[in-house]
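Read top to bottom, the protein sequences are chains F and B.
Number 25 in my numbering belongs to position 25 of the first sequence; there are no gaps in the numbering.
Number 1278 in my numbering belongs to position 278 of the second sequence; there are no gaps in the numbering.
It cannot be assumed that every hint is accurate.
As the list claims (entries may be wrong) - Stretches of chain B that chain F covers, calculated by requiring three or more beta carbons in the stretch to come under 8 Å of a beta carbon on chain F: (1) 1037-1048; (2) 1176-1190.
Said to hold, decoys possible - Here are a few chain F residues that sit away from chain B, every Cβ distance over 12 Å (derived from the structure): (3) F13; (4) D112; (5) A144; (6) L246; (7) I281; (8) L307.
If you're looking for bench data, these hints aren't it; they were derived computationally from the structure.
All residues carry an ideal CB built from backbone N, CA and C; glycine is no exception.
As a plain string of letters, each chain reads:
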Amino acid sequence: MTLLNVVNLKKYFPIRKGLFGRVVGYVKAVDNVSFSISENEVFSLVGESGSGKTTIARCILKLYDPTDGKIIFEGKDITRLKGKDLKDYHRKVQAVFQNPFLSLNPRMRIADIVAEPLLAHMKISRNEARKTAIKVLERVGLSASLARRFPSDLSGGQAQRVAIARALALKPKLIVLDEPTSALDVSVQAQILNLLEDLSREYKLSYLLISHDLSVVRYISDRVGVMYLGNIVEEALTEVLFESPLHPYTQALLSAVPEPDPSLKKLRKRIMLPGEPPSSISPPKGCRLHPRCPRVMDVCSKGEPPLIEVGEAHKVKCWLYAKK
Amino acid sequence: MSFEEARLIFKLIRVNPISMTGLIIVTAFVVMGLLAPYITPYPEDAWGLTYNIEKRYLPPSLEHPFGTDEMGRDVFSRVILGARFSLLISVGVVGLALLIGIPIGLVAGYLGGRAGTLLMRITDMFLAFPPLLLAIALAATLGRGLVNVIIALAISWWPWYSRLVYVQVNSIKNLPYVDAAKIIGLSPFKIMVRHVLPNALTPVTVQAALDMGSAILEAAGLSFLGVGVKPPTPEWGLLVSEGWATINIAWWSSLFPGLAILVTVIGFNLLADAVREAMDPRLRKAIVMRRL
Chain F
1 MTLLNVVNLK
11 KYFPIRKGLF
21 GRVVGYVKAV
31 DNVSFSISEN
41 EVFSLVGESG
51 SGKTTIARCI
61 LKLYDPTDGK
71 IIFEGKDITR
81 LKGKDLKDYH
91 RKVQAVFQNP
101 FLSLNPRMRI
111 ADIVAEPLLA
121 HMKISRNEAR
131 KTAIKVLERV
141 GLSASLARRF
151 PSDLSGGQAQ
161 RVAIARALAL
171 KPKLIVLDEP
181 TSALDVSVQA
191 QILNLLEDLS
201 REYKLSYLLI
211 SHDLSVVRYI
221 SDRVGVMYLG
231 NIVEEALTEV
241 LFESPLHPYT
251 QALLSAVPEP
261 DPSLKKLRKR
271 IMLPGEPPSS
281 ISPPKGCRLH
291 PRCPRVMDVC
301 SKGEPPLIEV
311 GEAHKVKCWL
321 YAKK
Chain B
1001 MSFEEARLIF
1011 KLIRVNPISM
1021 TGLIIVTAFV
1031 VMGLLAPYIT
1041 PYPEDAWGLT
1051 YNIEKRYLPP
1061 SLEHPFGTDE
1071 MGRDVFSRVI
1081 LGARFSLLIS
1091 VGVVGLALLI
1101 GIPIGLVAGY
1111 LGGRAGTLLM
1121 RITDMFLAFP
1131 PLLLAIALAA
1141 TLGRGLVNVI
1151 IALAISWWPW
1161 YSRLVYVQVN
1171 SIKNLPYVDA
1181 AKIIGLSPFK
1191 IMVRHVLPNA
1201 LTPVTVQAAL
1211 DMGSAILEAA
1221 GLSFLGVGVK
1231 PPTPEWGLLV
1241 SEGWATINIA
1251 WWSSLFPGLA
1261 ILVTVIGFNL
1271 LADAVREAMD
1281 PRLRKAIVMR
1291 RL
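Put together the whole structure using the sequences plus the hints.
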C-alpha cells in the first residue's frame, strides 16, 4: 500500500537583490518530481550535492513549503496542513540527519532528548517519558547508563543512535534519513545501517534515504531514484538499477564507484561526464544533461524528455528510450 | 550555563591568579553589599543621618580609616554601605535590561520576517542615542532616586542585549537540532525557550558580567552629575560628588569612594574575562596548553 505519494513537487527559491528585495530569478532546486513510497519500503534518492534531494526531504518534513505540487501521506495532502492535523503528521514522520552532533541539542541530556517527542505528543509525566526513552535507547543498542550524559560525551556512532532513538520514540510510519552515515567512520556506518534495517523490519517502518553514497544505497534500499539538477532521471528497483542502468547519467554515476577487486577493475570502463553540473538557476533547455551527455542526440537540446516506463517499476527520463 | 560549565569556569579561574583576583574582589563586594548594615562601624553615619560638627574633615586614622567628610560622618562606613546600593544598581540594571533585551532579540531573531525587522528597528532607534546621554535625559525626567536610576540605565542598556541575542539566535535557528525540534512538532515558543535560548546565552552571560561593573560606573556618573540617587544615600558616585567640593581640605572623602568604584569595576572586568576564556573552546585549549 502506498504510504507517501509525491506528485509534481516543485521548490523554487527566489533570488533577491537590492534594497527592496526585488526577485531577480529562481533557484529551481526541485523541478517537477514525482515518486511514491509504499509501506515498509526503503526508497532512496541519490545524486550529487545540489541535485535537490535534501530539498525534497525538507519539503516532506514540512521544513519548507513547496512552491507547487502535492505531497500525499496516507491519502491526505499535507502541504497545507495546520494545527492538530499537522501535529499528527509530525508524529508519523520523523527524521535522522547527517551530523548527529549538530542534530542533538548540546545542552540536553540523552534521556531528555529522546523523551522530548513523547512529552510533546502524549499526556505522560516526565518520569514516564524518561523511562520509555531509556527503553528505546536500549533498543537501538545504547546502555541505560548513558541516559544522563550529554551529546558531547558520546562517540559519533553513539550520538547517531540517540538521533535514531529520538526518531523512533513515537513509532512513526516514515523516517527520512538524510545522509545518516556520511559523518561516521566506515566501521560504524555498517553497524548503523544494520540497526536501521532491523528497525524497519521490527516496526514496519518506511524509509526515505537521501544519500550520495551508492554502496549504502545498494545495501539498504528496495527502490532507488537518481536525481540530477532537480529532476529524477531514473527510477528502478535497486538490483535492476545497479545491474542494468539505462540513463547515461546513472551509468556515469555507477561507473564512478570504486571497484575494490583489481582484476575486475581492469574490465570496467569509467564513463566521464565533461564539466560541472550547470547552475539550477538557468538549467539547460531540453534534457538537463545534454551539454555533458556522452550519447547526446539532436532532440535532446530541443525538448524535455518524458519519463518513460521501460520495465516493471523502471522509469527513465531520456530520449534514447522513447518509442519512435 | 550548565553545572558542568560552571565547574569548569571555576576550575580555570582557580589556576589563574588574575582571574582569582577578580573573583575575590567581586565576592568581597557582594558580601559587603549583603552584610553592609551589620558591619559598618558607625551605622548612623553610614545612612547619613548624623551631623557631628566637631568631627568634620578628620584625616584617615585608626578610628576613621577613610577619614570623615564635611558633615563629620565616617567615610569608611559610608563606603561599605555604598556597596549595597551599588550592588542593587548593578543587579537591577543588568537584570532589567536582560529581561527586556533577551525576549525581544529572541523573538525577532527566531521569527524573522516583518515582525522581526520591526522589533530590531525599534532596538536600533534606542541604539542611535549615545547610551549615557539617553540615561542622563531619562534620569533627569524621572527625577532623582534609586529606582529611577535603575530604570533610566536599563532603558539605555537593553538594546545591546537584544542585538547580541538576535545575532546568536540567527546563527542557531538554522542548526539541525532546531530542525529536529520542528519535526518533533514542538511549538515555536517551546523551540525558542528550550532549544534556541539556552544555546544563545553564552556571550550574553559574559557581557552581563562585564556590564555589572559598567552599571556601577554609569550610576556613579549620574550621581556625580546630580541626576542620580538622592542624598544622603551613600551611593559611591554621590560620595565622590559630595567630597568633590572640599577636595582641597579633605581629599579622602572623594578618593576612597572613587577607589571603591575603580576596584569593583576592575574586579567585574577580570571575572568577565575569565568567564569568556572559559566559554571559548579555543581559548580554553590555549589556557590548558599554557598550564602544561
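Results for each hint:
Closer than 8 Å: that is the beta-carbon criterion, and the segment 1037-1048 of chain B has 0 residues meeting it against chain F, so the requirement of 3 is violated. Requiring three or more residues with a Cβ within less than 8 Å of a Cβ of chain F, the coverage given for the segment 1176-1190 of chain B holds, as 11 such residues are present. No beta-carbon of chain B comes within 12 Å of the beta-carbon of F13/F; the shortest separation is about 14 Å. Under the 12 Å C-beta cut-off, the non-interface status given to D112/F relative to chain B is violated; the minimum distance is some 9 Å.
Every beta carbon of chain B lies more than 12 Å from that of A144/F, the smallest distance being close to 20 Å; the non-interface claim holds. Chain B leaves L246/F outside its interface by the beta-carbon criterion, the shortest separation being 35 Å against a cut-off of 12 Å. For I281/F, the requirement that its beta carbon stay farther than 12 Å from each beta carbon of chain B is met, with the minimum near 22 Å. Distance check for L307/F against chain B: the nearest CB is about 30 Å away, which clears 12 Å, and the non-interface claim stands.
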